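Asks: What follows is the residue order along each chain.
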Amino acid sequence: MYQADVIVTLKPVVNDPQGSTIKSALHALGFTAVEDVRAGKLLRLTLDTDDRAEAAAMTESMARQLLANSVIEDFKISLVALEAPARSRRA
Amino acid sequence: MYQADVIVTLKPVVNDPQGSTIKSALHALGFTAVEDVRAGKLLRLTLDTDDRAEAAAMTESMARQLLANSVIEDFKISLVALEAPARSRRA
Amino acid sequence: MKTGIVVFPGTWSDRDCAYALHDVLGEPVRYVGHRERDLGDLDLVILPGGFSYGDYLRCGAIARFTPVMEAVARFAQDGGLVLGICNGFQVLQEARLLPGALLRNASCEFRCEWVSLRVEQTWSAFTQGMRPGQVLSLPISHGEGNFYADPATLEVLQTNDRIVFRYATPQGQVAPQANPNGSTAGIAGICNARGNVLGLMPHPERACEALLGGSDGLVLFRAAVMALQAAAV
Amino acid sequence: MPLASARDLREVSLTEAEYRRIVELLEREPNDLELGIFGALWSEHCGYKTSKRLLAALPSGGRAVLQGPGENAGAVDIGNGLAAVFKIESHNHPSAIEPYQGAATGVGGILRDVFTMGARPIAILDSLRFGPLGIPHNRYLFQGVVAGIGGYGNCFGCPTVGGEISFDEGYSDNPIVNAMCVGIVPHGRLRRARAEQAGDIVLLVGAATGRDGIHGATFASVEMDSTSAARRPAVQVGNPFLEKLLCEACLQLNELDDVVAIQDLGAAGLTSAASELAHRGGRGVEIDVAVVSRRERGMSAYEVMLSESQERMLVVVRPDGEARARAIFDAFELHADRIGTITPQQRLRVREGRALRADLPLRALIDAVPLRTPAAMAPVRRAVEVALPLDDPEDALLAMLRRPNLRSRRPVYRTYDHQVQNNTVLGPGGDAALLRVAGTSSGLALTTDGNPWYTSLDPYAGTQAAVAEAARNIVCTGARPLAVTNCLNFGNPERPQVFWQLRESVRGLADACRAFGLPVVSGNVSLYNETSGRNIPPTPVIGMIGLLEDLDRRCPSGFQEDGDVICLLGETREELAGSEYARLQGAPLQGLPPRVDLDAERRLQGALLEVIHEGSVRSAHDLAEGGLLVGLAEAALFGRHGVRCPALTGQVSAAALAFGESQGRVLVSAPPRRVPDVQKVMAAAGVPVHALGVVGGDELQVGPAVRIRLDRLREAWECAWDTP
Ligand SMILES: Nc1ncnc2c1ncn2[C@@H]1O[C@H](COP(=O)(O)OP(=O)(O)O)[C@@H](O)[C@H]1O
Ligand SMILES: [Mg+2]
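Protein sequences, first through last, are from chains A, B, C and D.
Just so you know, the working numbering puts 65 at position 65 of the first sequence, and the rest follows in order with no gaps.
Just so you know, the working numbering puts 76 at position 76 of the second sequence, and the rest follows in order with no gaps.
Just so you know, the working numbering puts 143 at position 143 of the third sequence, and the rest follows in order with no gaps.
Just so you know, the working numbering puts 153 at position 153 of the fourth sequence, and the rest follows in order with no gaps.
In case anyone wonders, no lab produced these hints; they're calculated from the structure.
Here the structure is a predicted model, which is why all the values come from computation and not from measurement.
All C-beta atoms in this analysis are idealised placements derived from N, C-alpha and C, irrespective of residue type, glycine included.
Do not rely on the hints blindly, as some may be mistaken.
[Stated by the list, open to error] Incomplete in silico selection of chain B near chain C, CB under 10 Å:
id, residue
1, Gly19
2, Ser20
3, Ser24
4, Ala28
5, Thr32
[As the list claims (entries may be wrong)] Below 30 Å or equal to it, Euclidean Cα-Cα: the simulated DSS-like pairs (lysine-lysine) are:
id, chain 1, residue 1, chain 2, residue 2
6, B, Lys76, A, Lys76
7, B, Lys41, A, Lys76
8, B, Lys76, A, Lys41
9, B, Lys41, B, Lys11
10, A, Lys11, B, Lys11
11, A, Lys11, B, Lys41
12, A, Lys76, A, Lys11
13, A, Lys41, A, Lys76
14, A, Lys11, A, Lys41
15, B, Lys76, B, Lys11
16, A, Lys76, B, Lys11
17, B, Lys11, A, Lys41
18, A, Lys11, B, Lys76
19, B, Lys41, A, Lys41
20, B, Lys76, B, Lys41
Throw the hints in and build the complete structure from the sequences for me.
Replies: Right, here's the structure in full:
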């Protein structure tokens with residue numbers, strides 16, 4: 001089992017209304033040292049494979065096809081091998 | 001300058017309609033090895049401080065106050081020291 | 001003119017579109033399910049508004065992979081008329097049938113209100129018979145209608161006269177205070193190079209009767225009828 | 001010697017006497033699961049044990065009533081063979097801890113109550129109360145709740161067309177979030193959730209079941225370890241997308257004759273839904289929890305039976321119809337578990353595979369709920385004269401228009417889709433919303449009303465005022481009031497003053513509805529709105545629907561034409577207690593609220609309908625919070641027409657004249673030649689008419705003291721929400 005984290009962020013040239021709204025809210029709370037906020041997404045996938053290369057290829061392909069839109073977004077993948085949790089261990 | 005990434009995820013016990021819908025979509029695309037999808041948020045903050053401890057404390061406090069709701073969400077912080085980018089360098 | 005109205009899981013403007021075309025304009029319509037692959041009998045295909053797949057992940061991202069979208073792509077390729085309204089516009093972009101993307105509204109809030117649109121070109125299938133500079137009053141209802149395209153794409157849209165509608169004041173002035181969502185250059189609707197595929201954020205199907213506040217939406221649907229009649233001759 | 005410890009009982013909110021009663025009814029000790037089931041069904045939420053006796057006094061019958069209280073929602077005839085199905089419900093507690101999801105799932109719950117009856121939801125209204133916006137936490141709650149309501153309704157595709165919002169210290173930390181939903185169904189397709197035939201199949205459709213909303217944190221310790229509390233989410237994430245699919249599927253199922261009942265899962269989940277469904281039909285039900293699709297591993301029978309996971313439905317079908325029903329679920333990509341059957345014995349039997357886990361008589365669970373009548377105590381009240389100065393009426397008016405309680409709600413309702421479905425004739429912003437009944441020329445008028453200050457001063461009169469105001473709002477559109485739903489939001493009824501408030505309020509509701517001939521066909525009670533010992537103000541919310549047979553006879557609330565004569569209908573008294581002006585002046589909340597004269601109100605409303613229908617008036621706007629000057633300003637701003645009036649005169653103080661909130665008053669405008677018609681009808685009904693001035697210009701001008709350009713008025717009225 002692998003856990004694949006896909007972090008999807010808006011390309012730097014695309015402006016980020018959500019980030020700016022959050023930044024203003026943080027300033028209003030007194031966190032004036034915040035210079036910039038960018039909002040992104042995390043998609044945490046649990047993959048039923050023990051082959052790291054396969055997990056990586058699969059995730060890359062999912063990110064390209066569906067999880068990120070290349071017109072506006074970039075993505076980054078990180079993989080962690082998982083101990084199969086007790087609940088999914090098969091007898 | 002520090003960059004603080006705050007990853008906000010739904011607590012494992014909370015239902016994640018978005019995650020399950022994305023999972024079905026991935027299955028429909030043929031990625032049947034996907035066992036689970038959980039959707040979360042990334043907030044990438046740029047902080048105007050060179051003090052790591054201060055950056056950490058500030059981010060923690062922002063996450064608690066605004067960025068995550070502890071009733072349904074968990075958060076995780078990671079910090080990276082930044083080269084001050086040209087635009088914010090002061091003369 | 002026979003119109004097909006595509007229904008994705010989560011679509012909700014399907015019934016409103018059917019009402020506008022069938023009940024108000026008297027045109028035959030049929031619903032097209034998201035798994036259908038045959039659009040052979042249709043002249044116009046509408047991708048209506050709504051929250052296909054809950055707008056989870058990104059608006060339109062999941063819907064674009066449904067079987068019907070392959071058929072829509074072929075249909076557009078063959079010159080059929082395709083109209084994407086609101087969520088339908090987002091689906092068309094995700095499917096790369098139209099360029100650009102729609103970001104979260106600059107206010108970060110959903111907006112449901114009447115806006116004024118300036119007609120920017122009159123050569124596409126959906127604007128024939130309109131006057132350049134004509135102002136239409138239509139409702140919007142979206143949280144992610146902030147049009148974005150990179151500079152090169154914008155340039156292409158501009159030079160090929162593919163920007164169809166811009167948000168404007170009731171007097172027809174394109175101005176920041178008339179822009180409800182922060183769209184680049186006030187863009188509310190664009191078409192493809194051939195002019196047979198149009199995507200727009202406002203809801204013409206909600207503006208077909210004085211009783212509900214206005215009937216400028218009919219101008220757009222009638223233009224499509226005219227374009228088809230002209231093509232048939 | 002009972003098996004259950006005091007702690008176990010506390011966790012299922014049962015008293016020892018109630019426990020003894022259970023043992024008596026069962027003639028044995030209940031097991032843990034059974035005790036949990038009793039706790040749930042005998043709870044305030046499901047069993048209405050504190051309010052049931054009071055609610056029995058509400059009038060609920062009448063010619064138009066197709067379904068009174070007792071089903072998922074009430075239903076009334078609206079002509080053309082159609083029924084309107086509607087109900088209001090609270091989601092206060094979840095909204096207090098997670099405002100977005102709390103409010104969103106509240107909307108989800110009320111939508112299900114309506115489409116469960118076979119009706120297509122056509123409108124949502126939201127009635128909201130918060131603490132003052134100056135306090136950041138209240139602002140956070142406000143923003144989250146509004147976003148959650150829009151988030152769910154917009155995605156689902158049902159327009160949010162009305163509601164109300166008010167702010168008062170009494171709601172700090174304990175917001176009130178009530179949502180009302182209205183749907184439409186042909187009479188013959190109105191569906192009741194009752195299973196009358198043994199052998200029918202019970203399907204569970206929609207979301208998988210998780211450990212959501214299970215009470216009794218450490219109860220049933222045998223089955224749960226110490227980490228179980230951490231495993232229980234306090235709030236759920238709403239899934240409006242799934243709900244939309246469920247709705248469309250249910251509406252299609254409703255067309256099948258083999259489908260005998262549809263019931264949503266709400267409070268106490270499967271336990272309550274299955275029991276009520278079977279009990280209403282005089283049958284029993286047997287469920288196998290092992291078959292239920294789960295979100296998590298290791299859930300016990302107790303957790304499955306009491307889970308309150310959202311977006312789930314029970315569907316009962318004839319055995320022959322199962323395949324047809326499944327074809328519909330498949331088309332919507334919904335999975336359905338066959339979890340049980342309807343049985344001849346009137347019992348709830350819960351199995352887990354082979355093992356029988358619970359076996360309880362439904363009569364004991366549902367009919368035998370022990371009712372409570374707590375002590376009631378009226379507070380000591382004195383009639384205090386409230387006299388207030390009015391130095392600068394112009395400044396005062398601008399300040400009033402900026403008040404969070406009075407300012408324009410547009411920043412809120414423009415975040416709600418209020419047009420989808422193409423029937424919104426008058427959307428939010430006026431007195432009541434008006435929706436076309438699709439396929440007909442008639443309209444439905446919808447409103448919610450409630451004034452916490454009047455009910456604080458006098459819950460009986462305040463509740464009557466709410467009914468009267470709701471009816472007046474409906475009548476102002478030209479529609480005739482038809483029926484009522486209500487949500488009773490109160491503090492802890494174990495406190496004698498709170499129970500007294502509840503009792504008085506229900507009495508006021510009953511008396512007012514009787515006087516207007518309006519049936520109460522549905523409603524909801526939310527008690528224990530108490531935070532750190534502070535109870536909310538008594539907050540009954542009235543939802544009302546009205547019928548306008550001919551939409552061409554509708555009436556807008558804003559002034560329409562220059563030269564029209566503005567008339568005030570009704571009587572203005574020296575009534576400032578509980579008013580927004582009193583709050584602006586910082587006066588303490590004391591005195592008697594504005595008097596409600598139900599007879600005068602009825603005459604006014606009857607006469608107003610007459611002049612609207614004969615076309616004598618071009619606009620009608622009811623006077624409520626803020627009184628006459630605020631009402632004039634609103635009608636001017638709604639209609640984008642100025643106003644010219646000579647100085648106001650009357651028998652009362654300047655402040656009461658300008659900003660007093662006497663009930664039973666409406667502002668109308670009429671073309672000069674129709675004014676005599678208005679006067680004649682009003683005279684016949686004994687309703688006072690005062691010609692105030694004329695429509696025209698781009699200013700609001702009232703005597704020499706008030707002269708404000710409309711754009712300045714608008715600027716004040718449309719100020720941003722976060723201006724405290
Ligand atoms: N929460 C809300 N949701 C939708 N509409 C609202 C909401 N609150 C207020 N409105 C609309 O704003 C208008 C004015 O509200 P309010 O001041 O409460 O009116 P009234 O005093 O006539 O009841 C009404 O049309 C109402 O429907
Ligand atoms: Mg009103």
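Asks: Determine for every hint whether it applies to the structure shown.
Replies: Checked hints:
Taking 10 Å as the C-beta cut-off, the interface hint given for glycine 19 of chain B holds, the closest approach to chain C being about 8 Å. A distance limit of 10 Å between C-beta atoms decides the matter here; for serine 20 of chain B the minimum to chain C is near 9 Å, and the interface restraint holds. Given the 10 Å rule on beta carbons, the hint for serine 24 of chain B holds: about 8 Å separates it from the nearest Cβ of chain C. The restraint placing alanine 28 of chain B at the interface with chain C holds, with a minimum CB-CB distance near 7 Å, inside the 10 Å limit.
Hint on threonine 32 of chain B is violated. Least Cβ distance to chain C is approximately 15 Å, over the 10 Å limit. Distance check on the hinted pair: lysine 76 of chain B and lysine 76 of chain A sit about 17 Å apart at the alpha-carbon level, within 30 Å; holds. At roughly 14 Å between alpha-carbon atoms, lysine 41 of chain B and lysine 76 of chain A fall within 30 Å of each other, so this suggested pair holds. Among the hinted pairs, lysine 76 of chain B with lysine 41 of chain A is consistent with the structure: their alpha-carbon atoms are about 14 Å apart, no more than 30 Å.
For the hint pairing lysine 41 of chain B with lysine 11 of chain B, the CA-to-CA distance comes to about 13 Å; that is within 30 Å, so the pair holds. Restraint check for lysine 11 of chain A and lysine 11 of chain B: the C-alpha separation of about 28 Å stays at or below 30 Å, so the hint holds. In summary, the hint linking lysine 11 of chain A to lysine 41 of chain B is supported, as the alpha carbons are separated by about 16 Å, within the 30 Å threshold. Proximity of lysine 76 of chain A to lysine 11 of chain A is assessed by CA-CA distance (about 12 Å); at most 30 Å being required, the pair is judged to hold.
Annotation: proposed proximity of lysine 41 of chain A to lysine 76 of chain A holds, straight-line Cα distance about 11 Å (limit 30 Å). Annotation: proposed proximity of lysine 11 of chain A to lysine 41 of chain A holds, straight-line Cα distance about 13 Å (limit 30 Å). With a C-alpha separation of about 12 Å, the suggested pairing of lysine 76 of chain B with lysine 11 of chain B holds against the 30 Å cut-off. Taken as a hint, the lysine 76 of chain A and lysine 11 of chain B pair is honoured in the structure, with Cα atoms around 23 Å apart against an allowance of 30 Å.
For the hint pairing lysine 11 of chain B with lysine 41 of chain A, the CA-to-CA distance comes to about 16 Å; that is within 30 Å, so the pair holds. Of the supplied pair hints, the one linking lysine 11 of chain A and lysine 76 of chain B holds, its CA atoms being roughly 23 Å apart against a limit of 30 Å. Distance check on the hinted pair: lysine 41 of chain B and lysine 41 of chain A sit about 4 Å apart at the alpha-carbon level, within 30 Å; holds. Using a Cα cut-off of 30 Å, the hinted pair lysine 76 of chain B and lysine 41 of chain B holds, with the two alpha carbons roughly 11 Å apart.
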